[in-house]
Amino acid sequence: MSYQFPDNFNYADTHEYVLEENGLLKIGVSEFAIDQLGDIVFVELADQGKTLEKGETFGTIESVKAVEEVYLPFTGEIVSVNESVIDNPELLQNDPIGEGWLVILKPEAEVSITDLMTSEEYKSKVVPK
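Every letter in the sequence shown is one number past the one before it in full-length UniProt numbering, and letter 14, counting from 1, is 14.
In short, the hints are calculated from the structure, not lab data. Please note that a few of the clues may not be correct.
The calculated lysine-lysine pairs, modelled on DSSO-like cross-linking and capped at a C-alpha distance of 30 Å, are [to be verified]:
#1 K26 to K106
#2 K123 to K54
#3 K65 to K50
#4 K26 to K125
#5 K54 to K125
#6 K129 to K106
#7 K106 to K123
#8 K65 to K125
#9 K54 to K26
#10 K65 to K129
#11 K26 to K65
#12 K65 to K54
#13 K106 to K125
#14 K106 to K54
#15 K129 to K50
#16 K123 to K26
#17 K106 to K50
Produce the entire structure from the sequences given, and follow the hints as far as they go.
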């Protein structure tokens, strides 16, 4: 499997990606992590308008293999939830870095994306050489 690691994405140790757009953060899960989960059967996400702390769980992804929690890399308010992924979990499986994003976060304070791994750093961590 050949995974995509877009240059404009940053990654948390827990496999969430962050894409900064106009001061908001689009958050999802990497193709690598989704591939490891196998067939996804259920996605649950925090409610729009909810404010969560960095490191808190903002959702659950259930596959035939496991149930995994997803964590916020920054503190902030969830301003948008991808309802399409909740209604159709295959969307997350088929296009995790496109249509399969999970939430959009309005950070509480100015964030430093550089606290996360670059695409190259993440790729070197997860893809065997």
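To see whether the hints hold, each was checked on the structure:
Proximity of K26 to K106 is assessed by CA-CA distance (about 9 Å); at most 30 Å being required, the pair is judged to hold. For the suggested pair K123 and K54, the alpha carbons sit about 23 Å apart, so the restraint of at most 30 Å is met. With a CA separation close to 29 Å, the supplied pair K65 and K50 stays within the 30 Å bound. A distance of roughly 22 Å separates the Cα atoms of K26 and K125; the hinted pair therefore holds under the 30 Å criterion.
Restraint check: the Cα-Cα separation between K54 and K125 comes to about 22 Å, which is no more than 30 Å; the hinted pair holds. Taking the CA atoms of K129 and K106, the gap is about 36 Å. The hint is violated against a cut of 30 Å. Note on K106 and K123: the hinted pairing holds, with a Cα-Cα distance of about 26 Å set against a maximum of 30 Å. Under the criterion of a C-alpha separation no larger than 30 Å, the hint pairing K65 with K125 is consistent with the structure, at around 22 Å.
About 15 Å separates the Cα atoms of K54 and K26, which keeps this hinted pair within 30 Å; it holds. A hinted pair counts as satisfied when its Cα atoms are at most 30 Å apart, and K65 with K129 qualifies at roughly 26 Å. Of the pairs offered as hints, the one joining K26 and K65 holds, with about 26 Å between alpha carbons and a cut-off of 30 Å not exceeded. For the suggested pair K65 and K54, the alpha carbons sit about 27 Å apart, so the restraint of at most 30 Å is met.
A C-alpha spacing of about 28 Å is found between K106 and K125, which places the hinted pair at or below 30 Å, so the restraint holds. The suggested pairing of K106 with K54 holds, with an alpha-carbon distance near 12 Å, which does not exceed 30 Å. Between K129 and K50, the direct Cα distance comes to roughly 40 Å. Violation of the 30 Å bound is thereby established for this hinted pair. A C-alpha spacing of about 19 Å is found between K123 and K26, which places the hinted pair at or below 30 Å, so the restraint holds.
For the hint linking K106 to K50, the alpha-carbon distance of about 11 Å falls within 30 Å, and the restraint holds.
The structure fails hints 6, 15 (numbered hints given earlier, in ascending order).
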